[in-house]
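Asker: What follows is the residue order along each chain.
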Amino acid sequence: MHTAPFLEVQQATIEIGEVCVARDLNWAIQGHEFWGVLGQNGVGKTTLLKTLAGLHPLTQGRVKLHGQDMPEIPRRTIATSLGMLTQETRYAFDATCEQTVLVGRHPHLKPWMKEQASDYELAHRALDWLGLADLKHRSCMNLSGGESRRLALATLLVQDPQVMLLDEPTNHLDPANQVSVLNVVGQHIRTQGKAGVMALHEINLATCYCTHCLMLFGDGDWLAGPTDQLLNTDNLSRLYGCAMRLVDDGEHQVFAVAG
Amino acid sequence: MPIKPPLNGHTNQQTIWVGLALLALLPLSLLLALSWGSSGWLWPWLATETQSGLIWELRWPRAIAAWITGALLAVAGCLMQVLLRNPLADPYVLGLSGGASVFALLGISVAGTFGIQTLPIPVLAFLGALLTTIIVFVLARGKGPWSTTRVLLTGVVIAAGWGAVISLILALGPDASLRGMLFWMMGDLSYASLSAWWLAPVFLGLALVWFRARSLNVMSQGQLQASLLGEATRARFWEVYVLASLLTGLAVSIAGAIGFVGLIVPHLMRLLIGADHRVLLPAAAFFGGGFLVVADTIARTLLAPRQLPVGVLTALIGVPLFLVLLNRAIRIRG
Numbered sequence: 452m453h454t455a456p457f458l459e460v461q462q463a464t465i466e467i468g469e470v471c472v473a474r475d476l477n478w479a480i481q482g483h484e485f486w487g488v489l490g491q492n493g494v495g496k497t498t499l500l501k502t503l504a505g506l507h508p509l510t511q512g513r514v515k516l517h518g519q520d521m522p523e524i525p526r527r528t529i530a531t532s533l534g535m536l537t538q539e540t541r542y543a544f545d546a547t548c549e550q551t552v553l554v555g556r557h558p559h560l561k562p563w564m565k566e567q568a569s570d571y572e573l574a575h576r577a578l579d580w581l582g583l584a585d586l587k588h589r590s591c592m593n594l595s596g597g598e599s600r601r602l603a604l605a606t607l608l609v610q611d612p613q614v615m616l617l618d619e620p621t622n623h624l625d626p627a628n629q630v631s632v633l634n635v636v637g638q639h640i641r642t643q644g645k646a647g648v649m650a651l652h653e654i655n656l657a658t659c660y661c662t663h664c665l666m667l668f669g670d671g672d673w674l675a676g677p678t679d680q681l682l683n684t685d686n687l688s689r690l691y692g693c694a695m696r697l698v699d700d701g702e703h704q705v706f707a708v709a710g
Numbered sequence: 043m044p045i046k047p048p049l050n051g052h053t054n055q056q057t058i059w060v061g062l063a064l065l066a067l068l069p070l071s072l073l074l075a076l077s078w079g080s081s082g083w084l085w086p087w088l089a090t091e092t093q094s095g096l097i098w099e100l101r102w103p104r105a106i107a108a109w110i111t112g113a114l115l116a117v118a119g120c121l122m123q124v125l126l127r128n129p130l131a132d133p134y135v136l137g138l139s140g141g142a143s144v145f146a147l148l149g150i151s152v153a154g155t156f157g158i159q160t161l162p163i164p165v166l167a168f169l170g171a172l173l174t175t176i177i178v179f180v181l182a183r184g185k186g187p188w189s190t191t192r193v194l195l196t197g198v199v200i201a202a203g204w205g206a207v208i209s210l211i212l213a214l215g216p217d218a219s220l221r222g223m224l225f226w227m228m229g230d231l232s233y234a235s236l237s238a239w240w241l242a243p244v245f246l247g248l249a250l251v252w253f254r255a256r257s258l259n260v261m262s263q264g265q266l267q268a269s270l271l272g273e274a275t276r277a278r279f280w281e282v283y284v285l286a287s288l289l290t291g292l293a294v295s296i297a298g299a300i301g302f303v304g305l306i307v308p309h310l311m312r313l314l315i316g317a318d319h320r321v322l323l324p325a326a327a328f329f330g331g332g333f334l335v336v337a338d339t340i341a342r343t344l345l346a347p348r349q350l351p352v353g354v355l356t357a358l359i360g361v362p363l364f365l366v367l368l369n370r371a372i373r374i375r376g
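Just so you know, the protein sequences line up as chains P and H, in that order.
Letter by letter, the first sequence follows residues 452 to 710 of this note's numbering.
Letter by letter, the second sequence follows residues 43 to 376 of this note's numbering.
So that you can see chain P by itself, here it is in the shape it has in the complex (with noise of 0.2 Å):
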């Protein structure tokens, strides 16, 4: 049985100010993929992850989540399928770990309803997951940068929606834990057949975790295609502006500046 992807771009044109994120953009994202969108700073990755939420004006085309029009599905509706994990988050009053991440619940709750056991549970483990469970009734405004990026992302894994978007998730963590965090969002997308779509500069990290990328080359152009056909010394440096290269030390190939 054909079944709608799970989120859709046709024939999009994206701008942000003077600049054009894509043109003609047409892609089509399924349950099991996770996308790494690819760019040099400011060519409007953060846009292009706003369209994706409906949270950015088209200037051409449409977005379809699970093959309706974007604009046409209630906010609320919206955040029951489709999170996004902001680039950052800024918390103005105190209030446990625990508490924040539960606030994910939200759209999956009626007004007068309060969260169940379920609800509780889905928290902790997601606590867990993310090295946090120690931190529950810690304040979410006494964190290092590091625990408050992973609070974010147990938060999005606790609104549990079947499309998370990413802004650059590894952003404040050290090695270990870019690897921990990432293997955390991978395997939702494996085992539970969830979509993600990641922006992120570490391209390295990006052959290892996605299954497809989207290179956004700044003047509207884009390529968009399986990780393994996709990232190659050409396209990066093009991609970059910089000459790449792939170093193979033969267990590993990394890709590198090159100079």
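Quick caveat, the hints were computed from the structure, so don't treat them as lab data.
Treat the numbers as computed from the prediction; the structure is a model and nothing was measured.
Ideal placement from N, C-alpha and C gives every residue a C-beta, glycine not left out.
Among the hints, erroneous ones may be present.
[Stated by the list, open to error] Partial list, computed: chain H residues near chain P (C-beta under 10 Å):
hint	residue
1	GLN56
2	ILE58
3	GLN123
4	LEU126
5	ARG254
6	SER257
7	LEU270
8	LEU271
9	THR275
[To be verified] Reference listing, derived: stretches of chain H covered by chain P, where coverage requires no fewer than 3 residues with Cβ under 8 Å from a Cβ of chain P:
hint	region
10	232 to 243
11	258 to 269
[Said to hold, decoys possible] Reference listing, derived: stretches of chain P covered by chain H, where coverage requires no fewer than 3 residues with Cβ under 8 Å from a Cβ of chain H:
hint	region
12	519 to 528
13	536 to 543
Got chain P; can you put chain H on it based on the hints?
Answerer: Frame of chain P; chain H shown alone:
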């Protein structure tokens, strides 16, 4: 039964105790207001008929007015702080008290100059607050998503403008009205009186706001986060803005610009029971109400027969109370 979680590092038990204490504060503060006055302490049930008249016709409606004003200000403070995502926000930060003051002071000074006795100062004050609400709304609306900064700047600048007009009125107004004007601006419940029936719409309104409490939790994480979690934000933010403005406008028209309650009560309650608005809103309403009843009782009794403006008392009691609690909270957490 769901597993009950501790709130904000505060145990569930503590929340229950605080809740019970807050519930008890309502009858206790009203009893204090009824029993204590310039003539000393007198239990209401031991009063003679003349004393009874004084208690039920003067003290009771004033105490009700105080409770309602305090509750309105505290809830409006919670809403403004979420709306502007700023712990320093109070109900007056967007110029509502300024607008109300200008209208009220004009009324007082016109009444003083021409000897008109019947100018409805509360109505004028409410109109002033409403006008300010509309000005800020129209000027700050703009296009695109809700902008906290734009609203805050617009409101603060308008507040400054009103401030200048207030100084002008004070400088040019008739000397005889000056005292009344100053009292009004400091917040004064001397002329306030409300029937206990007013509690019904206030509780009803509070119940309606409570249905938005979880939305407020989401909104306090910021505009982008809120829309990602399913709040149709622009509409929701303006809804909260109008609501907070109306509550403030009502409070100001009852009792003038009582400072401090709207800023300090939400913070006090956050320190005691956490930032979840489902608990915070009712707690703030009950504490704000009780606090103002107590403050007003002291204000009219302490130097009796002279009456102090209650706004002075709220600050005099509120500042040390707040500092002590803040200090304790820091020590516990640190």
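Asker: Work down the list of hints and note, for each, if the structure agrees.
Answerer: Consistency of the hints with the structure:
1. With 10 Å as the threshold, the beta carbon of GLN56(H) stays out of range of chain P, its nearest partner Cβ sitting at about 13 Å, so the hint is violated.
2. For ILE58(H), the suggested interface contact is broken, since its CB lies about 16 Å from the closest CB of chain P, more than 10 Å.
3. Because the closest C-beta pair between GLN123(H) and chain P is about 8 Å apart, less than 10 Å, the hint holds.
4. A cut of 10 Å between beta carbons decides the hint on LEU126(H): the least distance to chain P is about 9 Å, and the hint holds.
5. Interface restraint check: ARG254(H) against chain P, minimum CB-CB distance 7 Å, threshold 10 Å, status holds.
6. At its closest, the beta carbon of SER257(H) sits 7 Å from a beta carbon of chain P; the interface hint therefore holds under the 10 Å criterion.
7. This hint holds: LEU270(H) has a C-beta 5 Å from the nearest C-beta of chain P, less than the 10 Å allowed.
8. For LEU271(H), the shortest C-beta to C-beta distance to chain P is roughly 5 Å, which falls under 10 Å, so the interface hint holds.
9. Because the closest C-beta pair between THR275(H) and chain P is about 8 Å apart, less than 10 Å, the hint holds.
10. Coverage of the region 232 to 243 of chain H by chain P is violated [criterion: at least 3 residues with CB-CB distance below 8 Å; count 0].
11. Only when three residues or more bring their CB closer than 8 Å to a CB of chain P does the claim for the region 258 to 269 of chain H stand; here the count is 8, and the claim holds.
12. Using a Cβ-Cβ cut-off of 8 Å, 4 residues of the region 519 to 528 of chain P lie near chain H, which meets the minimum of three, so the contact claim holds.
13. Here the region 536 to 543 of chain P counts 5 residues with a CB under 8 Å from a CB of chain H, which clears the bar of 3, and the coverage holds.
Violated hints, in rising order: 1, 2 and 10; the structure is consistent with all others.
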